[in-house]
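Chemist: Please arrange chains B, C and D with the ligands on chain A, whose structure you already have, making use of the hints.
Protein chains in written order, with the working numbering: chain A, 1 to 79; chain B, 1 to 79; chain C, 1 to 233; chain D, 1 to 735.
Just so you know, these hints were derived from the structure itself, not from any lab.
Glycine residues also receive a C-beta, built at the ideal position from the N, C-alpha and C atoms.
Please note that a few of the clues may not be correct.
To be verified - Using 30 Å as the maximum straight-line C-alpha spacing, the simulated DSSO-like pairs for lysine-lysine come out as follows: (1) K75/A / K216/D; (2) K63/A / K2/B; (3) K453/D / K2/C; (4) K64/B / K216/D; (5) K10/A / K147/D; (6) K63/B / K64/A; (7) K147/D / K64/A; (8) K53/B / K63/A; (9) K288/D / K40/A; (10) K10/A / K361/D; (11) K53/B / K40/A; (12) K64/A / K53/B; (13) K216/D / K2/B; (14) K40/A / K63/B; (15) K75/B / K40/A; (16) K40/A / K64/B; (17) K361/D / K288/D; (18) K63/B / K53/B; (19) K453/D / K28/C; (20) K19/B / K53/A; (21) K63/B / K69/D; (22) K2/A / K2/B; (23) K63/A / K19/B; (24) K79/C / K64/B; (25) K19/B / K75/A; (26) K10/A / K216/D; (27) K64/A / K40/B.
Said to hold, decoys possible - Here are some chain C residues pointing at chain D (derived, C-beta under 7 Å): (28) D16; (29) G55; (30) M114; (31) T140.
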Amino acid sequence: MKAYVTIMPKNGVLDPQGKAIGHALAGLGFAGVGEVRAGKVIELELAETDPAKAQAAAEAMAKKLLANTVIESFKVEVR
Amino acid sequence: MKAYVTIMPKNGVLDPQGKAIGHALAGLGFAGVGEVRAGKVIELELAETDPAKAQAAAEAMAKKLLANTVIESFKVEVR
Amino acid sequence: MKAGILLFPGTNRERDMALALQRVTGVKPPMIWHGESTLPAGLDLVVLPGGFSYGDYLRCGAMAAQSPIMRAVAEFAAKGGHVLGVCNGFQILIEAGLLPGALLKNASLRFLSMDCHMKVERTDTPFTNRFKPGAVFRSTMAHGDGNYFADAAMAARLEAEGQVVLRYVTPEGAATEAANRNGSVNNIAGICSANRRVLGLMPHPENQVDPLIDGTDGLPLFESISASFATAG
Amino acid sequence: MTDLPIPLAPERAKQLGAEFGLKGDEYDRVLAILGRTPSLTELGIFSVMWSEHCSYKSSRFWLKQLPTKAPWVIQGPGENAGVIDIGEGLAAVFKMESHNHPSFIEPYQGAATGVGGILRDVFTMGARPIANLNALRFGAPDAPRMKQIIDGVVRGIGGYGNCVGVPTVGGEVNFHPRYNGNPLVNAMTVGIARADSIFYAAASGVGNPVVYVGSKTGRDGIHGATMASAEFDANSEEKRPTVQVGDPFSEKLLIEACMELMATDAIVAIQDMGAAGLTSSSVEMAGKGDMGIELVLDNVPQRETGMSAYEMMLSESQERMLMILKPGREAVAEAIFHKWELDFAVIGHLTDTGRIVIRHKGQVEANIELAPLESQAPLYQRPWVPTPKLPVLEAASVADPVGLKAALLKLVACPDLCSRRWIWDQYDSMVGGQTAKRPGAADAAVVRVEDHKRALAMTTDCTPRYCLADPEEGGKQAVAEAWRNITAVGGLPLAITDNMNFGNPEKPEIMGQFAGAVMGIGAACTALDFPVVSGNVSLYNETEGRGILPTPAIGGVGVLEDVAQAVGLAMPEAGHALVLVGETRGWLGQSIWLREIAGREDGAPPPVDLLAERRNGDFVRGRILAGTVAACHDCADGGLLVTVAEMAMASGVGAKLEGQDDKGFWFGEDQGRYVLAVRDAPALLAAAAAAGVPARQIGVSGGGDLALPNGEAISVAELSAAHEATLPNLMRDGA
Ligand SMILES: Nc1ncnc2c1ncn2[C@@H]1O[C@H](COP(=O)(O)OP(=O)(O)O)[C@@H](O)[C@H]1O
Ligand SMILES: [Mg+2]
Numbered sequence: 001m002k003a004y005v006t007i008m009p010k011n012g013v014l015d016p017q018g019k020a021i022g023h024a025l026a027g028l029g030f031a032g033v034g035e036v037r038a039g040k041v042i043e044l045e046l047a048e049t050d051p052a053k054a055q056a057a058a059e060a061m062a063k064k065l066l067a068n069t070v071i072e073s074f075k076v077e078v079r
Numbered sequence: 001m002k003a004y005v006t007i008m009p010k011n012g013v014l015d016p017q018g019k020a021i022g023h024a025l026a027g028l029g030f031a032g033v034g035e036v037r038a039g040k041v042i043e044l045e046l047a048e049t050d051p052a053k054a055q056a057a058a059e060a061m062a063k064k065l066l067a068n069t070v071i072e073s074f075k076v077e078v079r
Numbered sequence: 001m002k003a004g005i006l007l008f009p010g011t012n013r014e015r016d017m018a019l020a021l022q023r024v025t026g027v028k029p030p031m032i033w034h035g036e037s038t039l040p041a042g043l044d045l046v047v048l049p050g051g052f053s054y055g056d057y058l059r060c061g062a063m064a065a066q067s068p069i070m071r072a073v074a075e076f077a078a079k080g081g082h083v084l085g086v087c088n089g090f091q092i093l094i095e096a097g098l099l100p101g102a103l104l105k106n107a108s109l110r111f112l113s114m115d116c117h118m119k120v121e122r123t124d125t126p127f128t129n130r131f132k133p134g135a136v137f138r139s140t141m142a143h144g145d146g147n148y149f150a151d152a153a154m155a156a157r158l159e160a161e162g163q164v165v166l167r168y169v170t171p172e173g174a175a176t177e178a179a180n181r182n183g184s185v186n187n188i189a190g191i192c193s194a195n196r197r198v199l200g201l202m203p204h205p206e207n208q209v210d211p212l213i214d215g216t217d218g219l220p221l222f223e224s225i226s227a228s229f230a231t232a233g
Numbered sequence: 001m002t003d004l005p006i007p008l009a010p011e012r013a014k015q016l017g018a019e020f021g022l023k024g025d026e027y028d029r030v031l032a033i034l035g036r037t038p039s040l041t042e043l044g045i046f047s048v049m050w051s052e053h054c055s056y057k058s059s060r061f062w063l064k065q066l067p068t069k070a071p072w073v074i075q076g077p078g079e080n081a082g083v084i085d086i087g088e089g090l091a092a093v094f095k096m097e098s099h100n101h102p103s104f105i106e107p108y109q110g111a112a113t114g115v116g117g118i119l120r121d122v123f124t125m126g127a128r129p130i131a132n133l134n135a136l137r138f139g140a141p142d143a144p145r146m147k148q149i150i151d152g153v154v155r156g157i158g159g160y161g162n163c164v165g166v167p168t169v170g171g172e173v174n175f176h177p178r179y180n181g182n183p184l185v186n187a188m189t190v191g192i193a194r195a196d197s198i199f200y201a202a203a204s205g206v207g208n209p210v211v212y213v214g215s216k217t218g219r220d221g222i223h224g225a226t227m228a229s230a231e232f233d234a235n236s237e238e239k240r241p242t243v244q245v246g247d248p249f250s251e252k253l254l255i256e257a258c259m260e261l262m263a264t265d266a267i268v269a270i271q272d273m274g275a276a277g278l279t280s281s282s283v284e285m286a287g288k289g290d291m292g293i294e295l296v297l298d299n300v301p302q303r304e305t306g307m308s309a310y311e312m313m314l315s316e317s318q319e320r321m322l323m324i325l326k327p328g329r330e331a332v333a334e335a336i337f338h339k340w341e342l343d344f345a346v347i348g349h350l351t352d353t354g355r356i357v358i359r360h361k362g363q364v365e366a367n368i369e370l371a372p373l374e375s376q377a378p379l380y381q382r383p384w385v386p387t388p389k390l391p392v393l394e395a396a397s398v399a400d401p402v403g404l405k406a407a408l409l410k411l412v413a414c415p416d417l418c419s420r421r422w423i424w425d426q427y428d429s430m431v432g433g434q435t436a437k438r439p440g441a442a443d444a445a446v447v448r449v450e451d452h453k454r455a456l457a458m459t460t461d462c463t464p465r466y467c468l469a470d471p472e473e474g475g476k477q478a479v480a481e482a483w484r485n486i487t488a489v490g491g492l493p494l495a496i497t498d499n500m501n502f503g504n505p506e507k508p509e510i511m512g513q514f515a516g517a518v519m520g521i522g523a524a525c526t527a528l529d530f531p532v533v534s535g536n537v538s539l540y541n542e543t544e545g546r547g548i549l550p551t552p553a554i555g556g557v558g559v560l561e562d563v564a565q566a567v568g569l570a571m572p573e574a575g576h577a578l579v580l581v582g583e584t585r586g587w588l589g590q591s592i593w594l595r596e597i598a599g600r601e602d603g604a605p606p607p608v609d610l611l612a613e614r615r616n617g618d619f620v621r622g623r624i625l626a627g628t629v630a631a632c633h634d635c636a637d638g639g640l641l642v643t644v645a646e647m648a649m650a651s652g653v654g655a656k657l658e659g660q661d662d663k664g665f666w667f668g669e670d671q672g673r674y675v676l677a678v679r680d681a682p683a684l685l686a687a688a689a690a691a692g693v694p695a696r697q698i699g700v701s702g703g704g705d706l707a708l709p710n711g712e713a714i715s716v717a718e719l720s721a722a723h724e725a726t727l728p729n730l731m732r733d734g735a
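If we strip away everything but chain A, and leave its shape as in the complex, we get:
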């Protein structure tokens, strides 16, 4: 099955990339865009077939490697 790990800068942590994108969108004339935040998504193909176990495995991977939990938060979805 597939696990999707979405990693975002933690609340309150500066997101220079999101800031620059927001700026560029405004420059391109897109109105009504408020805060923009830029994150990552990692799609994992897992051999595991049990959703709960897959979820746990992906969470372990996120904690260990995929996310930098000092400045990023993550969430895992299994499909």
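Modeler: Frame of chain A; chains B, C and D with the ligands shown alone:
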């Protein structure tokens, strides 16, 4: 409302980052991890309150700037 | 000859480029701000120098490609104007659709700052006519996203149409995997447009124009440019 | 003075003061200065201004002893960076600063923001940054998390420097288990300004506007007091990380905008917001100018909602500056900052009250007299004990287990001596188009001044194992080595910046290390005419309750009148004589050979004879400037044979060596020595004899091998392979 633009490398496009992550996960002893793909997610705070319009606006932004459709595909979710 | 250098927020090799052009033309070219919507009249050449436009955030060159000035550059190129993009400038040209393909993260996922050698695949372009056919020259690269990508069909077309101008090679001229540090398709370091008037490359020949700094291996590229426009006045 | 803030409850204030790090008597002094209980914001201001970091309370007494003057010093310690005259109306502006703790917590961002901070210290003085260097100390490579830390720090330094477009041209790296839990990241920036247009921090002009520029303020890095502050913010949803994230893109814009504004006459004073952000910048600017200052925090550009005065005053958000403008110049400045897409806000004005007054939401949040805040800042003369001297290790008392060749092969591959290419390959060292000697090419980096012939030579140096064994000799050695490295490229050494990294100063042994290092640095600076013009102190660097190795990192800057005179260290083609300048006693105590080959870390470190140092160096520089030297390399870590091997590996050209078959001669780390490659050895030897400088020929360049005096030979290719493999192998899976 919020729009989430998820951007992934197209099939057939080299994904050095995904490949390196897969490698590193295996090195860390995570078993049963098949293909790994690394993409981006951009979270947009939109003033628009109509979901269909918000969806259309975010799609326009993705086409114009957020994704490079030569190498990336994207999808938009509005919540 | 009259050249102009584009300046985007985050551009950082504009002074290097100006010095290299000055060396062959005797004058420092003007800087053109990204927010302008027209190019100065009478330009022979527009140069997009290296740097980190918009911090390289999102995708290298993506935001700069949307600048007002890039519409003018597209028109300029469409009318047969000459355009040179180096490093981030190359990335911007690609994002703006003025050159084909894409530049992905280096295969090692690391920034690569080091010497490289390039083979000049054709000398009948306005940028390479002062190189000897088949010449190999040393330059430096400094980029995180220089891994040139084109799918198989497009790569074949570029090769067939002679749009591959520069290729990473060993100092002896072999296009080996080891010489291809960033992982580019077919060791591609630089490509030109179908009319050969738009050139993009990742390395920095503008840093090899002064015998007291890092040698003059890159000088023929600038001499070519100056020679190409010598008759144009 | 009418407006007073709402004080905290006395008990609460005292308790919070302690949490913020104010000692009991320090807190009493706060009460005495205010004549009342402080408000939260006031308590925050006192605690950061009186922190070790801002007040130098443990180190000030000692730092005052350093020599800081010379005819070419334009600005010594006390401003954002030091300034020296380098001729032709130009000035070099430079400083080094530590980001040790943040780099341990979050290596990438910690190192990146370290680079950002030191860049601001330099361009705030009106100088365009032209070079970055970095002095790094890591733990044992196999220590927990260490690869990740190395990887993150190197990426962070590159990520920031590459993006702002300032070449990273040099630095140094050591590995030692004593840095396992406390790596050191010291970043140095060198900039160039016109000597007659340096900008300073001292505010002047009652009524002049106080202007905030750069990025918005968030709750980044609010000092250890974040937890406590959370109690005052009922809405705070999650514990805020205190990590600051760098935005090199904004920094680049800030550099360009400041340079553009500095070309006008709008600025009265300018100061970056570094440690303790708005607090230290406003307090220092007003304090230095004997002015008062009034700020209205409602006008501060804010990234987050609901920020309190306390949070805004203590935020360490990056990429921000504070300026005092001439009256009426706000519009000019605003236009420039808006062109560069940066925030610009008038947030207050100067007063004649000698006080700092902070207003927020119609309320006074702080009202403090500035003079006592500075003059009554704590100053400690902490007890110290001198470091006991170690006995001199007689070379003859140590057996040579392996011989020259095997030892050399092992040494060139050991972490402290292996190639740093893996690191500098990630740093753009060429941007700017003026780098004449990049990493690996020479003992000091050489960067030409744009549109001039003249060039700067720059280096960072320190040998912590010497400093541990004998802080005073170690301090001397660090300065001497910086001086020597500049000399070895042909540069005239002019001044240094220092970054004093030590353990807990409350321990008398650690304070003894600090005192010893300062004395050694001072002696060397005086003897070599190499004054200290800026610096930084980082204390409380501890690994599992044990201090790091004492690490007074020295950043040296020198000048070459013509970049064409610079020489590198690469072995020239066949037929050059190799001449050793300086005296060799075969000093093995604290040498790398002793540690790596004999497995011992002991003995007294090599002493530095400052008179010989100067005599030898002046002689070598003279020969280089006379154009008679093809290559020059100083003898440092690893000794003479490693020096020659490094020259050979840099070009691939070997050498045939002569002399005794003796470990002490070839691996001893005697100081004040250089290897010169010259065409005319007799002329060099004669000149040396005339100058009273010891010199002897030790070989001839040529071939693809190093032919050793004991008959062994080793190919340069084999040496290079070993030398180059270590870091890539170590970091292979560190990505
Ligand atoms: N070890 C030192 N030797 C000499 N001067 C020092 C030393 N440490 C700090 N200084 C000087 O003290 C002043 C304040 O330093 P610091 O607080 O680190 O500056 P900043 O406010 O820019 O961070 C600077 O002028 C600095 O050069
Ligand atoms: Mg400062």
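Chemist: It remains to establish, for every hint, whether it holds in the given structure.
Modeler: Hints versus structure:
no. : hint            : verdict
1   : K75/A / K216/D  : holds, 28 Å
2   : K63/A / K2/B    : holds, 26 Å
3   : K453/D / K2/C   : holds, 27 Å
4   : K64/B / K216/D  : holds, 28 Å
5   : K10/A / K147/D  : holds, 25 Å
6   : K63/B / K64/A   : violated, 34 Å
7   : K147/D / K64/A  : holds, 14 Å
8   : K53/B / K63/A   : violated, 37 Å
9   : K288/D / K40/A  : violated, 46 Å
10  : K10/A / K361/D  : holds, 28 Å
11  : K53/B / K40/A   : holds, 25 Å
12  : K64/A / K53/B   : violated, 39 Å
13  : K216/D / K2/B   : holds, 23 Å
14  : K40/A / K63/B   : holds, 18 Å
15  : K75/B / K40/A   : holds, 14 Å
16  : K40/A / K64/B   : holds, 20 Å
17  : K361/D / K288/D : holds, 28 Å
18  : K63/B / K53/B   : holds, 15 Å
19  : K453/D / K28/C  : holds, 18 Å
20  : K19/B / K53/A   : holds, 23 Å
21  : K63/B / K69/D   : violated, 61 Å
22  : K2/A / K2/B     : holds, 25 Å
23  : K63/A / K19/B   : holds, 19 Å
24  : K79/C / K64/B   : holds, 24 Å
25  : K19/B / K75/A   : holds, 21 Å
26  : K10/A / K216/D  : holds, 17 Å
27  : K64/A / K40/B   : holds, 20 Å
28  : D16             : holds, 4 Å
29  : G55             : holds, 3 Å
30  : M114            : holds, 5 Å
31  : T140            : holds, 5 Å
Of the numbered hints listed earlier, those contradicted by the structure are 6, 8, 9, 12 and 21.
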